[in-house]
Structure formats: C-alpha cells, structure tokens
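We have chain A already, so just place chains B, C and D on it with the hints.
4 protein chains.
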Amino acid sequence: MTADVCVLAYSGGLDTSVAIRWLHETKGYDIIALAVDVGQGDDLEAVRSKALRIGAVDSVVVDARDEFAERYIARVLKANALYEGKYPVVSSLSRPLIASHLVRVARAFGAGAVGHGCTGKGNDQVRVEVSVRALAPDLTIEAPIREHAMSRTESQAYAEAHGIPVPTTTLSPYSVDQNLWGRACECGVLEDPWQTPPKDAYAYTRDPGSVLDPPRDVVVTFTEGVPSAIDGRPVTVAEAIVALNEVGGGFGFGRIDMIENRLVGIKSREVYEAPGALALITAHRDLEDLVLDRHTHHYKARLEAEYATLVYNGLWFTPLRRALDAFIDETQRQVCGDVRLTFGPGSCHASGRRSAFSLYDESLATYTGYDTFRHDAAEGFVKIWGMPAEVWAQKSRAAGGAADPVLAVEGSGATWDE
Amino acid sequence: MTADVCVLAYSGGLDTSVAIRWLHETKGYDIIALAVDVGQGDDLEAVRSKALRIGAVDSVVVDARDEFAERYIARVLKANALYEGKYPVVSSLSRPLIASHLVRVARAFGAGAVGHGCTGKGNDQVRVEVSVRALAPDLTIEAPIREHAMSRTESQAYAEAHGIPVPTTTLSPYSVDQNLWGRACECGVLEDPWQTPPKDAYAYTRDPGSVLDPPRDVVVTFTEGVPSAIDGRPVTVAEAIVALNEVGGGFGFGRIDMIENRLVGIKSREVYEAPGALALITAHRDLEDLVLDRHTHHYKARLEAEYATLVYNGLWFTPLRRALDAFIDETQRQVCGDVRLTFGPGSCHASGRRSAFSLYDESLATYTGYDTFRHDAAEGFVKIWGMPAEVWAQKSRAAGGAADPVLAVEGSGATWDE
Amino acid sequence: MTADVCVLAYSGGLDTSVAIRWLHETKGYDIIALAVDVGQGDDLEAVRSKALRIGAVDSVVVDARDEFAERYIARVLKANALYEGKYPVVSSLSRPLIASHLVRVARAFGAGAVGHGCTGKGNDQVRVEVSVRALAPDLTIEAPIREHAMSRTESQAYAEAHGIPVPTTTLSPYSVDQNLWGRACECGVLEDPWQTPPKDAYAYTRDPGSVLDPPRDVVVTFTEGVPSAIDGRPVTVAEAIVALNEVGGGFGFGRIDMIENRLVGIKSREVYEAPGALALITAHRDLEDLVLDRHTHHYKARLEAEYATLVYNGLWFTPLRRALDAFIDETQRQVCGDVRLTFGPGSCHASGRRSAFSLYDESLATYTGYDTFRHDAAEGFVKIWGMPAEVWAQKSRAAGGAADPVLAVEGSGATWDE
Amino acid sequence: MTADVCVLAYSGGLDTSVAIRWLHETKGYDIIALAVDVGQGDDLEAVRSKALRIGAVDSVVVDARDEFAERYIARVLKANALYEGKYPVVSSLSRPLIASHLVRVARAFGAGAVGHGCTGKGNDQVRVEVSVRALAPDLTIEAPIREHAMSRTESQAYAEAHGIPVPTTTLSPYSVDQNLWGRACECGVLEDPWQTPPKDAYAYTRDPGSVLDPPRDVVVTFTEGVPSAIDGRPVTVAEAIVALNEVGGGFGFGRIDMIENRLVGIKSREVYEAPGALALITAHRDLEDLVLDRHTHHYKARLEAEYATLVYNGLWFTPLRRALDAFIDETQRQVCGDVRLTFGPGSCHASGRRSAFSLYDESLATYTGYDTFRHDAAEGFVKIWGMPAEVWAQKSRAAGGAADPVLAVEGSGATWDE
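Residue numbers (my numbering), protein chains in the order written: chain A, 1 to 418; chain B, 1 to 418; chain C, 1 to 418; chain D, 1 to 418.
It is worth saying that the hints were derived from the structure and are not from the lab.
Since the structure is predicted, the reported quantities are computational estimates derived from the model, not experimental observations.
A hint or two may mislead.
Pairs involving identical chains hold if they fit within one copy or between any two copies, as the list cannot separate such chains.
[What the hints assert, rightly or not] Below 35 Å or equal to it, Euclidean Cα-Cα: the simulated DSBU-like pairs (lysine-lysine) are: (1) K199 with K121; (2) K27 with K121; (3) K199 with K86.
The shape of chain A in the complex, shown without the other chains:
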C-alpha cells in the first residue's frame, strides 16, 4: 500500500480541480482522479483528460450506470424511498456507489488514501466517509474542501495562480448535483424559502405552464418490484428511468420544492427534479396496493420511511440496510404486473393496474361466496371490533369520572372529548 497515493473523486469542476493540486502541494500525495458515470450526462472523457492536465498522475473513468440502476436504484424503488415523504434520495444514493469505486480503485492501485470534494455543511461528507470506513477502515480519508474551506474567489485565484483552467462561461448561481435518478439544486436565490424558484433552477423538466401536449398514457410493467417493460417493450432498469425521465420531464412533471432536515442538524431549502423516479414510485406503489395484503402493506409503509432516512443518513453499507432489503425483497415476489400512468402538464398518476397476483378481483368466485355470509360475518366482526371501545365507555361511565361520554354529549354544547 502506497501511503502517498490518494484516489480523488473528481467531477471536473473548479473545487475538485483545485483539490488535485492542493492535495499534491500541501500533503505530498500523488493523485489518481476518478470520475464515476452515474448518468450525470457530462463528457467524462473530457473530465478524464482535464485531471491529467492539472497534474493527476492517473485518471480513471468508470461507467457505473447499470450498477447504479440495478444495485442501488432498484432497491430504493422497491422501498418507495422518499426522505421526509418527498425526496427520492437522489444524491444520497450515488455517494455510497462512488465511495465503493474509490475503494476499488485504491485497492487496484495500492493507494493508502481516498479523497472527496464535499464541504463540511452537507450530508455528502457523511455518506462518502461512512461508506469508505465500512468498506476499507484502513484507508485515510482526505476532505480538502472541508479542511481548507476556500471561498469561491479564493478557489479561482488559486486556480489561476496554478494554471488550472477555469470555466469561461458564467458560473451557475446554484450548486447542482445530478444523476440518473434525479437532479438536486440549491443555493443562490433558493436560500430564501419564501422565494418561488426561478425558471433557470430547472434542467430535467420543462415549465409545466408551457406544456401544450394532450395527456399521454404509458404502461409500466414490473417484475418482482422492478420495471421490466415500458409500453410492452422490454427495458433494463436504467432504460426505464431514462424513458420516464424523458416523458415526465417533457410534461413538466417531477419537480420538488422543499425544506429538508439535514443530518448535520440544519434545515435547507432544496429544489429537486426527478420525473422518472417519481413516476416509477407512483407506479410501483400503485401495483403494491393491488398485490400486497393489508398487513404487509401497512408494515412496509412504516419501514419505507426508515429506509429512506437510513439512505439519506449515509448508512448504506450497514447491517440494517441489508436486513431491511431482506424484508423488502421477500415482499416483492408477487409485485408483478402492469400499471398505466397518465401524464398531463405537471402531473402523473396511475389510472389503471392489473396483475396475475392481484388480491382484488371482481370476478373472484369466492367473492360472491362471501356475499352469502357477509351479513352475519360483518355483524359479528363489528361487535368484536368495537368491544374494547364499548367496554371502555361503560367502565368509564360506571367509574363516574369526567370521561362519561353520554353526559358530555347530552350537555349544552359540551362534547365527548373536552
């Protein structure tokens, strides 16, 4: 293991470009740049070359799009994972994947350190570092941006002084992260939560107000909880997401504007776009409504919130995530079938669903059978179901306390529960 080699997660942007030089000059590392393709849509060959020009001793690009789709996105989709009920853990999900590739490349090159460009204010430092430590506790972790905390002006000055190319185009006013599963946008004017997000905050979705297309139906087929066909055409998970990003984005669907609780103790205002993710979760939930029995459905709903929080909090490579996945996978065996999504301007909803494993069936022979005895059965059920409430009311009344419900209801204006 070479203690003075550091594999740096490299995006091609200003901060990680400065980091290549800074880590070398300040800490003496030979830097290997690593760019991981998670569907962000950048020209990664250009990114690879740029790292070398700046001074990396080596530069690696990994196409992890299918791995990301099959082994990360498929799981959060089966979990219907939405942090705080809204955010489909877009950036949260790519960080452990990137961390695992940092470790792989470090092992392949015998490096003793890995580095990342996360700041000290966000969640991503947690996700990358906890993942690296779970996978390779012996590696040193460098966090130059957090450690050195240069302002943007200082970064530019440093870049110019060291001959690092600075983008000549106007810098975005936002901090953006994007991948196959969605796009995150923060900072700038968005820091005022009362301000409506301006149009230039969006890139994955059209302005819904400009959509003139008529509504469009898309049928998504699921096999064991993951998409396997779109409108009858077989697809990989990655292809399904790309297809629905395109359709949904074209209808201006998939925007999220929210205040969220970061793990590091502060609230932030985030604008996300995730047309494919939200469409797929909508369809997946709808199919589950049809094929999961009530007990499983209700329990899984509670587990889903935990799952999303766990992923958001950077705990991907942990025993709990594996145990939750074991639960989820067991529930997905029968999540097979079709859901028809209807897209309109800024909207997407399920308008039909069917499955060989449907637990709803109007023509089910026994359904009519139940009808014949439903009268007695239902009456008996209601009697037993309501017995605790009735006994409670009777005993409270007998005990005379303030809880006597009948007196309360009879009273003038006074009511049961006050």
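Just chains B, C and D, lined up with the frame of chain A:
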C-alpha cells in the same frame, strides 16, 4: 326511554327511504329521520319533508358544517391524515359525527334505538356502530340494509308497493358519498381496476385536460396548525375548505384513483376528489417542514399514518385518538405562518413558505457563527456517526466470516452485500 | 375428496371426546382423530386408542416436537417474541403447527373437513381457522364446541349417555394448555385479577420460596441465533428447551401473571410458566446486545413487538410473517457466541457474554486510537447533535411566544415546560 | 452578565475539584460551585465547604430531590422508560435537571459560563450541553475534563501540587453515579463483559443469595400514573421510591448487567441497581394492562421505547419530549388503582391488581350478555379477520407461482414457507 322509537340517519335516497317504512312495518318502530348537513350540498329541507311523507313520525335536520370543520376536519388536517398514504379519510370522518348526532337526537327524544343505512360490505357500518356504542352503549342499533340485504330491484319494487317516491331521473351508476372534505365514488365500471375512470365519475373537479387558465398562486395562513386566512382574508376552517375546493377543483386538482384495503378484509377500488383537503394538507406539511425540528417531524410522520388508519377503522371515539390528538396539538403551537400554493392544471404545490417560528433562517446570526466552527464539528460528528459501521466492519473482517467487505469489493464483480 | 370425512384435532379430553361423537351424530361425519405431540407430555398412544373407542374411524399421532422446535420456536426465539412485553406466545405458536397437520392428514385421507375444539371466546379459534384457510381454503372447518356451546355439565351428561369415558379423577379447576415452549393456565379462581394465583396453578415450576439450592451458572451457546450447546454439550433446539425448562423450573423461575388483551376484544387474566423460553430469550437478547450494532438493535426491537402480536393474532401463515423472518434471519448471521446465565430462586439473568462477532472489545486496537481524537470528535458531535434543540430554543425566544425557555426557568418556580 | 464567572457542577470528587482550580488558573474564571441533591446520599454540606477551600468564590447546594421525583422521575415512570428494554435512564435523567440548575444559578449570579466534569467518551456531556444550549444558548460551556484529558495520576499530581485535598481512602475501582432512581457502576473489571460482576460493584442491593427473608407483599397505589400510597399509607413520589429502594434492595432485587449502545457510537458494559425504579415500573405496567384498552396499550408500548431513547440521548428539553408527554399524560387519566407486588430473593412481580377503571371485570353485566351472541360474533369475526390471508392464498395458488401453499404442505417434508 321509548324502546320503540328509532332515530334513523336519513339521506333522502332510495335505501334509507325504504328503511323508514321497513323498520316500521317489520320491527314496529316509530321512526325519527335525521339528516346531518356535513356540506354534501343537498337540499336538506326537501329531505326533511320527504321523510315525513314516507311515514317518519318526526324529521330533523342539523347543520353540522362548522362542527365538522372545527372539531373533525381540523384534527385530521393537523395530523396530515391520509389512509394508505393517499385517502384523506373523507367518509371515515363524517360517520362518527353523524353517530354523535344520532345519539343526541335519541337522547332528546328518549328513543331506545338508532339506525343507519350502511351495507355489510363496507367500512361505514363499523364507524357508525362503534361510535354509537362508545357514546351510548345502551342503545339498540338497527342496520336494515345489512340485515335485509334487498337488491336494488327489490328496493324499487318495495318502494313502489309502499308509495315511496323513487327518483325519476336515471340513477347514477356509482355509489357516491360527499361532504366538505371531499367526495367518494365507487362501483359501476370502476370495479375494474384496469379501467380508466370515466369523466362522469367526477363532480368536484374539472377535467384537468380542459383547464386553460394560467397558474395561480394562493397564500394560505395557518394559526396553530389550522387555516386562518386565504390571501390575507380571515376565514373559518370551513370557509378555507370551500375556497380551496373551488380553486383546486377549477384546476382539476385533487383526484385520487386507488386500490384500498377495507377494514372488513377486502380490497376496493375507489375514486376520490378532495381538492381542498389535498391543497390544505400540502400547505400544512410544507409549513411543518419549516417549523418542526427534525426529531418531532420524523416522529409525527409515523404517528400520522396511525392516526389515519385509526380514523379509517372507525375508532374516533376512543382513548387512543384523544392521546394522539394531545401529541399533535402540542406540536402545532408553532405551526403558524404562510404558505404560497401554486395551482396548475391537475396540480398544486407549495412554492414558498415563511413563519415567525421558522427554524430555517438564512440571516440567523448564529448560522454564520456555526460556520466558523463547522469544519471541526462536522469532522467530529462524522467520526462518531460512522463509528458503529466502522467497528462492525472491522470486527466482521477479523472474525473472518463471509461478511468481509473488503475482499468482496475487491473481487471481480462480486460486491459488498452478496 | 370425501366431503363426509372430518379430521379432528384431538387432545383426549372431555370436550374433543364429545366432539367426536357429536360431529358424527349431528353432521354425519366419519371422524379421523389427530393428536399432535408438541411436547405436552401426555400419553398420546392412550389418546390415540381412546379416540377409536369413542367412535373415530381412524386415529393418528404425529410427533412434531422437533418440527415445532426448529421451525416455530426457533423463529420466535430469534424474534425475542413476547406478546405485550410478557407472554412468549406459547399456545399461539402450536396452533398453526397443529393446523398444518390437520391439513396434511386431510390431504392424505382425502377428507373434506377439519375440526377443532376451540371455544368462541378465545384466540385459538382464530389461529387454527386462519391457518387452515391459508393452507387449504377449500376445506370446511367444523368448530363443534363454539357451535354447540355445551356447558361442562351438559358435556358430562352427553358423554355418559353415549358411553364416552369421563376422567374419574377430580377435574382441574383450570383450563390448561402446555407444550415444549411453556404452559398456560386460566379460569377458576384466577378470574379474579386481584387474587394471588394459588400453588396448584403451577406445574412447570417449583415454588420459588421452597428453593434452597445455591445459584447455578449455565452457559448457553448460540449459532446464528439458535441454541447449539448447553455448558459446552451440543444440543438440538428442542433439547436446549427441555434442559432449561428443567433447570429454570427447578429454581422456580419462569412464572408470568398477567392481564392480556385477547384478539377477540376482551381482557383475560393468564398465568403462564415458561422457564426455558424466558431463559433462552434472556440469553439471546443479551448476546444480541453484544453483536448487533445500535441501528439494527433499535429497529429490531420495534419489529419484535410486531412479530409477537402477529403470531398471537393467528397470522403465522401470511406473507408478513415471512418478510419479518427474512429481516430477522439476516440479523442473526452474527448472533453466535456464549452467554452465561445465573439462576437463583425465582430469577435468571445474564452475568457474562462473549462472541467472535462482539462489537465491544476493550482491547480493540482502534479503540485506543479513537481515544486520541475523541476530544475533538466528541465536541463536534455534541455541537451538531444539539444544534436543532438550540436553534429551536433561539427561534422560539426570538418569536417571543410562551415557549421562551429562559424566562420560564428564571421565573419563581415556573419551569421550562409548563 | 459577567463573562469571567463560571458556574461549575461540583460533586466533591477529585476531577471536579481539580477543575475548580484549573478553570481558574487556565481560563481566568471565578468559579461558583453548584452541588445538586438528587438523592445521591452524599454529605453535600461538606461538599459545599470543600469547594470554597479549593478556591471557588461561592458554593451553592440545591435540594432538588422532590423536583427530581415529581418533574423528571414521574414522567419516565409514566413512560415505563427502559433504554434498550433494560436501563431505567438513571443518570440520563439527572443530567437535564442539573443543567437547568446550572442555568438558574448562572442567571442569578449573572455568570457568562457554566461547566461540567464529563469526559469525552460518555453520554453525559451530550445531556448536559444540549440541555444548557436549549435553556440558555448564550452561555459558554466549559468541559475541562474533556478538554484537558488528564489521566488519574496527573489529576492527583495536580491536586497535590495545588493543595487540593485527595481522598485518603482507597479509590473505588469503579466509576459510579447514583441518585434516587438508581445507581450506575462501570469500569474496572466490569470492562470484560464475560466477567461476572464482583460483589463490591453493588451498593443499593443485597446479594440475593444471602437473602433468607420469606416473600413479602407490598401494595402500591397509583393515582393518574404516579404512586400515591404504599400499603395504604400516602406517600410522595420521592417517598415511594425511597421505600421501594429499601424493600427491593433488601431482597437483592433490581440489579441490571448489560451491554449498552452509547449515543457516541460505542458499546459499554454497565451494571445498574434500581430496585425502586424497577418495582415501580413493574407495578405501573401491570396496572396499565388492566386499565388501558388494547389499541392504546400497543401504541404506547412503541412510544415508550422512543421516550427512553430520547431521554438517554440527552433530548429532554425538546419539543418532541413535550409532545410525547402530552400523549402519555392523556393515557394516564385512568391509571388509578392498586397493584400488589410480591418480593422474593432477587425477584419482584405483580401478583394482583384492581382498579375502578378496570377494563377486566368477571362480573361485568354485559360480559354475560356478550356470551349469548359470542358464537355468531366470533365466527363472523374470524371469517373477516382471516379473509386477507385466505384471498392471498387462493390468488397465489391460482397464479401458480412458487408460493402455492397447498402443494408445498402436501409435499414430502417440504413445507409452506420454504
């Protein structure tokens, strides 16, 4: 108490009209009809007269709209109650209110029985009967429709034979229930879950495809968790709902098409419209994101699902509902502020929020203060936060088991968790 | 399939003996008696013969002790399942097993019906019937005791009139059910919850007040969550239970006296004895404390309560149970190691534990390593951890509301939260 | 506010004695020592004098025993709070109380800082600091032990060099913290989790093996969830705890030996003694079993674990704790009645319970009433309750998948769920 007087929840429709006569003829009751105004929009004076014409000895109309809004809807709004994540417990909520008025009228008239027109297949029988038994366990409960189980044709024949007026207009193919908080529609073609709901299934909302209006902003002000002003104009809770039903409905927003798990053990396909309810819950949640701290936010989210299920399951008049409300009310003290909703065709989202109790504040003096020490604090936090995962990885590795993460990652294609 | 053959779960007692004859005479069934050995300690060969003497056309005994231990008890042990925090689901667990054997025998003999001797007041009817319906929805289920509801005197009269042997010994004043995992006792004087249970209510345990033995240590070894050795001697799960029933019972440990909520809506007072079950759960939990990380530990604790309730409620043969087991099995991979239990009169506790997968290790090299940076790390952690509470306090103060914590604390006697 | 005055939580021990001098010499503070009486049993007047001798400018003793009992312990008792199912949050509970008195004294004296003697390895630093920041975010917090991290030898040398009295008696090998609610003991030989705790680790309880007394009954009366009488004699909460500490400790009851997950990411081995706490929780739970309906009971059980974790994690002065207390208080209205505890050597259990609000009553008139219709009601209930499982089994069978339960059961040895 007069054992042979029965107060019947009366809607004016065929079934409860037949029930008036049937309960009298078969069981010897004198019937007092009770129609409760929960915002369903019917001509209740006409309903009142009709009951008398059919043979009720007395007929009562109660305007419970404000009671419904203030004492029932306000609670489920504070709870963001959506059964199975989707259904704003529209009918579930009116049933205990109606039951409480059945009991009040029974007490006022000294009646020994109350009656309702629910079938044996649905949830409403549970909600009405459990509520009556909690409030007045001594009353007899009559459920003529469940007991006698006439088909629609038989009901019509019975009605004609007894001179009961039958609506001359074509009967709706659907079974509909509506109130201030929304509208439920089932049966007919909707029983095929693959079928897109036809346009005539909707009444509270325009077809989103026909909306040509430009997007519209509405600012909702909340005071301790309930709406207190719309666009700056003070409103009651009921007025807020009416206003947002109108705006939202006009944009075709608020439709829900779902498969749901009934308490009585079967799945059903339901189409709901709840523009005001969904708009208010959207706004309320958004404001909570701003003013509730993370721990309270996450705990309350779990409680909300329980609350919705409890209400759906007919357990309104129970000690658990009161205890959950005590929790919720405590959290709502600071849920005060403004949310700007933006309506488009078929859509509504929050585009801005502000509050004196905001826990997000870009200009918060101490925020910058944190910045000064964030580097160390964050690094320390990440170290402690990730320690269990790291220790676990180290120990697993030392113990040699299959769980060795590093070997797995290094392998060709093999990965951490397989 | 022979519609007029019924396989009856037969215990040899008065009720099911009467049921053999009654089902034949009243409903025309040929009865096949089935006695399942779940470790209840009865002479099942005698039970088998008795059924034939009374009139069964066939009589079968199945030794299901190891199946019960390996496939049922092992699961609830891994789940630390205690209904309402106290009851190790003793009877709840044998019912689905018995139901599965009813179905197997019915299939083997081509019978069209199965029967059981449960009353209409208890939980067991639910457990047996839901299990049969999940396994073989086509079978008719007979519940003669619930249907006919003979009093004990009537049963005796019926028995005498039909030449059915009645036990000559005095009948127990209690209703008892026992198996490998424990013993349940109810009725008689126990129906007064204020009454201390008399000594004759117990059979698996000595009176703790009469125990004069000195404390005794027993080391239980677990492999993937199930006991594999006692004091170094390899054991099957069934043998481990038998051994600890003996040791624990000899110390008067394992008695439970509780008021419990039945699924059918009423409370009952139950006296249980489960020395082996409680000792194994104590040991298993203690080992989990050592080898499960905090997140998994806390999540699993919540799941355990659900698991126990699900089993108690008769939902063994359901998809949710399988999914919960998938979660649990994943967590048990590293639940391997030794726990030393110390037994005293009426007590048992863990006094030592060790494991190759221990996440606690005083000599762990990195532990000292953490020490070197703990100062900064801990300080940073505390800063971040407490930030939401601090921001909340600051904002509440600034907003001036009643929540101002400082003023409250300063006040005369008034405090923060009132 | 005087920035150079610091109120230090002072115990009289070596570490905080050294801290008085060190904070003065190193940071220039005038120190006001504060000793809070939470029932630890020390001579606090001597502690007060000692602080002055060492150099504190002022020294204050506050008797907070009743405040601790009424406003802290009563709450965790109503919550049956046991962290990780075992630990009655003994030290966790006194820390926010002590923090509130630090703030009060700081305000009274106009001090600008408060200090504590917690190390960087434990939970107490979190509890004290988060509480202070919630109550008085403007105060500086000094943590000299964490900051300076002297070894014990260094502390002694420092003490001798500065004329600080060092206890002449042999120092305990353990780190101990005790109060009214219990006693915590760690370090020394206990750091080996396999080692049985030696006898000198205990102080609140006799060795159970040496107890020769016959079993003893004690009747605890509760009023709205808190103890109000012992054997018929009215008591305050503090008196009830003292009385049961004495009885329980005399029987050797109340010892806990556990591995626990600290908030700061490590596991520790802890030995606790809490005879009064565990006896009161046993009694309180037992009474709740009698008076809480099932839904409330089951929901509260889940909340209790959250409550204990929240208190353990130092989040006492937070909105979530207040909201949870609102829930709990609502449930305690009817937790009134008597529980008979039976103490034996090393054990304590409830052997009888009664209440005017009991939901169990063998003589309840309606109970017999239910009997008359139980047959039908129970049969109907079971039908409805089992319907989801049955429909699921039928549909799985029809869909042919691997889940066909009937084929599986029929197979040779193969079973339903494999």
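Hints, verified against the model:
1. K199 with K121: within (26 Å within a copy, 49 Å between copies)
2. K27 with K121: So K27 and K121 pass the 35 Å test inside a copy (23 Å) and across (30 Å) alike.
3. K199 with K86: For K199 and K86, both the intra-copy (21 Å) and inter-copy (30 Å) Cα distances are at most 35 Å.
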